[in-house]
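Model the full assembly from the supplied sequences, consistent with the hints where possible.
If you read the protein sequences in the order shown, they are chains A and B.
Counted the way the numbering used here counts, the first sequence spans residues 1 to 96.
Counted the way the numbering used here counts, the second sequence spans residues 1001 to 1260.
Just so you know, these hints were derived from the structure itself, not from any lab.
Please read these numbers as outputs of a predicted model, since none were measured by experiment.
Heads up, none of these hints are tricks.
Straight-line distance between alpha carbons at most 25 Å, and here's what the computed SDA-like set of lysine to any residue pairs gives: (1) B:K1086 - B:T1040; (2) A:K3 - B:L1033; (3) B:K1005 - B:F1017; (4) B:K1220 - B:Q1144; (5) A:K87 - B:V1009; (6) B:K1167 - A:I61; (7) B:K1005 - A:L35; (8) B:K1005 - A:V34; (9) A:K87 - B:I1006; (10) B:K1167 - B:L1185; (11) B:K1078 - B:T1110; (12) B:K1078 - B:R1250; (13) B:K1191 - B:Q1118; (14) A:K86 - B:F1008.
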Amino acid sequence: MIKHVLFLILFFFALVLIQSTLLFGLPLIIIAVVLINIFYRKANFDNGIAGAFIGGFFLDIFSSGLLGVWVVILLVLSFLVQTIFKKYVRKPFFKI
Amino acid sequence: MKKRKIIFVIVGVSLVFSLNLFQAQVRDVFHSLFAPVQKTFWATGGNVSDLFKGIFKKDYLVEENKKLRSVNQELLTKLAELEELKKENVFLREALEINLAEDFQLAFATITGKDFFQDSISIDKGSSDGLEEGMSVIIAEQKQKILLGKISQVNKNFAKVTLISDKTSSFDVEILGKEAEGLILGEGSQKMRLDFLPRDKIIEEGDVVVSRALGDVYPKGLLVGVVTEVQKDDLKSFQQAEVSPFFNLRELRNVFIILR
Chain A
1 MIKHVLFLIL FFFALVLIQS TLLFGLPLII IAVVLINIFY RKANFDNGIA GAFIGGFFLD
61 IFSSGLLGVW VVILLVLSFL VQTIFKKYVR KPFFKI
Chain B
1001 MKKRKIIFVI VGVSLVFSLN LFQAQVRDVF HSLFAPVQKT FWATGGNVSD LFKGIFKKDY
1061 LVEENKKLRS VNQELLTKLA ELEELKKENV FLREALEINL AEDFQLAFAT ITGKDFFQDS
1121 ISIDKGSSDG LEEGMSVIIA EQKQKILLGK ISQVNKNFAK VTLISDKTSS FDVEILGKEA
1181 EGLILGEGSQ KMRLDFLPRD KIIEEGDVVV SRALGDVYPK GLLVGVVTEV QKDDLKSFQQ
1241 AEVSPFFNLR ELRNVFIILR
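Take a look at the structure:
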């Protein structure tokens, strides 16, 4: 679990640096949270929710608004993505 | 498992919201930690677009590869350092040439990053360097004083600068040589709209917009932008114009803050 969290912190740290300096037109963190929720969820640890939390926190730090707003937005987004995939997407959805 | 997840989320969100009690300190710590890396990233930012352009060009990559192999790593690092110093030198020299320091008392700062969702940037100077909210931020380019924005948030070691193109920005301006006055409204994404221009004034594309001292928002005579499109509607009592700012955010490294 700690390994996953550390990986997510480093991953989002890199993303936040890129988004705030090099590619500030792209919502990289939001895209990353959605992709993690779709492709990188583990059975024993919910990377999607942890990613939303860490990514949201970094977004909050580098935005001007209230701390926690982006955490909540990304958590809601994660729950939505997970619900949609649980209810409406057949597994495995990449069937050859 | 599900219960644990819900408890984790509730506790986590509550913790993050409770950080708002020490918002300034929390942001200050993170910005201080990230600033050195951000500065390097920002400085190399200009080269990234060129890299994307050339990424699919084989010749470009082969040439680039040859170059990279032939140059010693240590020399490159030194060269980069000298290049940065040279840029800073040119920037300060331009400021000297237009007697910027004679007109204003200035502080020099380096840009560390851009806000994700607003037209604002962060700089590496804060209240410990004498910065206060509301101070005007300018740059000196081609012997001109160009208005960038004003300080909207000051922390101990960093500050946020809201650009003139931000949606919350509005101030009085005049069109150079036309005796036409109006109000500049930020539209976001480095775009601005000039409103409340008298209908009898002839405004043309390419006209230069400068700041007015009215309202005490910005000092008088700073370059704001250039008119790119004039909109005249018979139903409206004023004419409007689209204005493009003089600065190109991607190319900026350093700024001046007008202390007094």
